[in-house]
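Residues per chain, in single letters:
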Amino acid sequence: MGEDLAAHVRNSVDAIYRSDSRRVLATLIRLVGDFDLAEEALHDAFAAAVEQWGEEGTPANPRAWLISTGRFKAIDRLRKSAKFESDASALERIQATEAPDDQEDGVEDDRLRLIFTCCHPALSPDAQIALTLREVCGLTTEEVAHAFLAPAPTLAQRIVRAKGKIRDARIPYEIPSRSDLPARLDTVLHVIYLVFNEGYLATSGASLTRADLSGEAIRLGRLLVELLPEPEAIGLLALMLLHEARRASRTTPAGEMVLLEDQDRSLWDQARIAEGVELVESALASHRFGPYTLQAAIAAVHAEASSAAATDWAQIVGLYDVLSRADPSPVIELNRAAAIAMRDGPEAGLALIDAILVRGDLTDYHLAHAARGDLYRRLARTSEAISAYQRALDLATQETERRFISRRLEELRLTSPR
Amino acid sequence: MKYLCLIYDNEKEWVKFPKDVQDKYMGDYGAFTEGLKKSGKFVGANQLQPTQSATTVRSRNGKISTTDGPYAETKEQLGGYYLIEAKDLNDAIQVAARIPSAQSGSIEVRPIVERPA
Numbered sequence: 002m003g004e005d006l007a008a009h010v011r012n013s014v015d016a017i018y019r020s021d022s023r024r025v026l027a028t029l030i031r032l033v034g035d036f037d038l039a040e041e042a043l044h045d046a047f048a049a050a051v052e053q054w055g056e057e058g059t060p061a062n063p064r065a066w067l068i069s070t071g072r073f074k075a076i077d078r079l080r081k082s083a084k085f086e087s088d089a090s091a092l093e094r095i096q097a098t099e100a101p102d103d104q105e106d107g108v109e110d111d112r113l114r115l116i117f118t119c120c121h122p123a124l125s126p127d128a129q130i131a132l133t134l135r136e137v138c139g140l141t142t143e144e145v146a147h148a149f150l151a152p153a154p155t156l157a158q159r160i161v162r163a164k165g166k167i168r169d170a171r172i173p174y175e176i177p178s179r180s181d182l183p184a185r186l187d188t189v190l191h192v193i194y195l196v197f198n199e200g201y202l203a204t205s206g207a208s209l210t211r212a213d214l215s216g217e218a219i220r221l222g223r224l225l226v227e228l229l230p231e232p233e234a235i236g237l238l239a240l241m242l243l244h245e246a247r248r249a250s251r252t253t254p255a256g257e258m259v260l261l262e263d264q265d266r267s268l269w270d271q272a273r274i275a276e277g278v279e280l281v282e283s284a285l286a287s288h289r290f291g292p293y294t295l296q297a298a299i300a301a302v303h304a305e306a307s308s309a310a311a312t313d314w315a316q317i318v319g320l321y322d323v324l325s326r327a328d329p330s331p332v333i334e335l336n337r338a339a340a341i342a343m344r345d346g347p348e349a350g351l352a353l354i355d356a357i358l359v360r361g362d363l364t365d366y367h368l369a370h371a372a373r374g375d376l377y378r379r380l381a382r383t384s385e386a387i388s389a390y391q392r393a394l395d396l397a398t399q400e401t402e403r404r405f406i407s408r409r410l411e412e413l414r415l416t417s418p419r
Numbered sequence: 155m156k157y158l159c160l161i162y163d164n165e166k167e168w169v170k171f172p173k174d175v176q177d178k179y180m181g182d183y184g185a186f187t188e189g190l191k192k193s194g195k196f197v198g199a200n201q202l203q204p205t206q207s208a209t210t211v212r213s214r215n216g217k218i219s220t221t222d223g224p225y226a227e228t229k230e231q232l233g234g235y236y237l238i239e240a241k242d243l244n245d246a247i248q249v250a251a252r253i254p255s256a257q258s259g260s261i262e263v264r265p266i267v268e269r270p271a
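Note that the protein sequences, when read in sequence, are chains A and B.
Residue numbers for the first sequence follow my numbering, beginning at 2 and rising by one.
Residue numbers for the second sequence follow my numbering, beginning at 155 and rising by one.
Calculated from the structure, these hints are not laboratory results.
Everything numeric in this text was worked out from a predicted model, so none of it was measured.
We put the CB at the ideal spot given by N, CA and C, even for glycine.
Be careful, since some hints might not be right.
As the list claims (entries may be wrong) - Okay, the calculated bits of chain A under chain B, using three or more residues with CB under 8 Å as the criterion: (1) 54-64; (2) 124-132.
Claimed, not checked - Facing chain A, a subset of chain B residues (Cβ under 10 Å, in silico): (3) V211; (4) S213; (5) N215; (6) S219; (7) T221; (8) P224; (9) K241; (10) N244.
What the hints assert, rightly or not - Pulled from the structure, derived: some chain B residues nowhere near chain A, Cβ distances all over 12 Å: (11) D182; (12) F186; (13) V197; (14) T209; (15) D245; (16) A246; (17) P254; (18) V263; (19) V267.
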């Protein structure tokens, strides 16, 4: 094979690896019944493609070729190691599984099977995230470790353990039944949202890697909507897009935090906002939406306002009312109180926040105290604002948040009569 | 009178034993089981998969929750067991969640090591 041809084949195999390796893997796991064996078979199949496609030409259906080659490679591997009883029975099982004639059939179902298996609720949340990024997104173990600021051996161990549990406890490779689907989908959505937040909220580590993680979560969200267009999956994708649209305005070039009301709205990504708003509307129209869609609807109202003052706060309060019934939590109550302060004035908000604090729910939550500080500041009740912000500072742990609260405190002390 | 003998051992230490020590141990188990069968005292026995394969199942207000690992609370004590035949872990979780104590305590679901008969 000439050098040009070899390079050409390698490039086309690389391109197919990028676009299709996860699909091929998802189907191989079903056919061979084991994650590790399927991964080895996947690599064998791509290695064979580099060798054979140069001589025989690229097959008409490369994905089908890779799946069928991978299946045979797995059988080869098992034959070679069939001295163990368990390998012999695995071999029998694979050979009994007919390779599907039309490889396109069911391939998308296999991708869903892979997502639901990686996000199985019998795995720990850490393991769900690591496995999803590794197997569904195709990140290397090192990349996953880097993104989560964890040592690579720890991540590798976590993934090995999760695969061991899938095998030993026999977690089935299947799409949940209709009755289980809502709860199982919740777990998948939660994993995707955790990945997104890890990239969006965390302020430690290389910022580039972190943004990549949000991008990965959005890709996952898109994949899920494509495979299973459930309203809450659509709502989550919308929520992530609407948050991501504001990324450029959330921090100054020096990395300092900028509050929503002070953000330069000309930096907001209008294409993402338009897509997010359209998705929210379609999720709301289903009348089967839940907390992700409602949060996305709130984000959409913010995204469409030209300024904080021009925001439709009445609508935001209304959405928080629905959200706090759908998914009651003190943090949502706090956000609702902040919206009411914007609609009805700081006193109204303060009364609600104080009521939450009296219950003891958010006593140690720094943002509850920062919100009180901000409302007192708006009322020019400086000493109360200072003591609330001081409490927030004592409780905050994130560096950028601490710097933000400290700046607020300095400004207040300058205006303080003392 | 029947008695249940629960076997507690350090599974982390066990995997570190050299192969010959493990083989001797398993040989001892084989001999013990044979002797027990001959004496007429044997009713049943199973080896469990390691705790890493365990799932703890709870049912509260009709909602099933699952946790990775053996996470009985310290105030919960072993009170009984069911040995069940299930298609896969999902099937086993559904059964476990219907055990009445799943509503107040927790059920640890652990696969049995399968050996050729």
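Comparing the hints with the structure gives:
Check result for the stretch 54-64 of chain A against chain B: violated, 0 residues qualifying (beta carbon to beta carbon below 8 Å, three or more required). Interface restraint, the stretch 124-132 of chain A with chain B: holds (3 residues with C-beta to C-beta distance below 8 Å; minimum three). Hint on V211 (chain B) holds. Least Cβ distance to chain A is approximately 9 Å, under the 10 Å limit. Interface hint status for S213 (chain B): violated, as the beta-carbon distance to the closest one in chain A is roughly 12 Å, over 10 Å.
The interface hint given for N215 (chain B) is broken, as the beta carbon of that residue sits about 13 Å from the closest beta carbon of chain A, more than 10 Å. Given the 10 Å rule on beta carbons, the hint for S219 (chain B) holds: about 8 Å separates it from the nearest Cβ of chain A. With a least beta-carbon distance of about 8 Å to chain A, the hint placing T221 (chain B) at the interface is held under the 10 Å criterion. The restraint placing P224 (chain B) at the interface with chain A is violated, with a minimum CB-CB distance near 12 Å, outside the 10 Å limit.
Because the smallest distance between the Cβ of K241 (chain B) and any Cβ of chain A comes to about 8 Å, under 10 Å, the interface hint for this residue holds. Evaluation of the N244 (chain B) hint against chain A yields a held restraint, the C-beta minimum of about 6 Å falling below 10 Å. Look at D182 (chain B): its CB is around 22 Å from the nearest CB on chain A, clear of 12 Å, so calling it non-interface holds up. Its beta-carbon lying about 23 Å from the closest one in chain A, F186 (chain B) satisfies the requirement of being farther than 12 Å from that chain.
Even its closest Cβ contact with chain A, about 26 Å, leaves V197 (chain B) beyond 12 Å, as expected for a residue assigned away from the interface. Distance check on T209 (chain B): its Cβ comes as close as 4 Å (rounded) to a Cβ of chain A, failing to clear the 12 Å threshold; non-interface status is violated. A Cβ of chain A approaches the Cβ of D245 (chain B) within 12 Å, the least distance being about 8 Å, so the stated non-interface status is violated. With a least beta-carbon separation of about 8 Å from chain A, A246 (chain B) fails to lie farther than 12 Å from that chain, contradicting its non-interface assignment.
With a least beta-carbon separation of about 21 Å from chain A, P254 (chain B) lies farther than 12 Å from that chain, consistent with its non-interface assignment. The non-interface label for V263 (chain B) is inconsistent with chain A: the shortest C-beta to C-beta separation is roughly 8 Å, within 12 Å. With a closest Cβ-Cβ approach of about 9 Å to chain A, V267 (chain B) is found to fall inside the 12 Å limit, against its non-interface label.
Against the hints set out earlier in the document, violations occur for numbers 1, 4, 5, 8, 14, 15, 16, 18 and 19.
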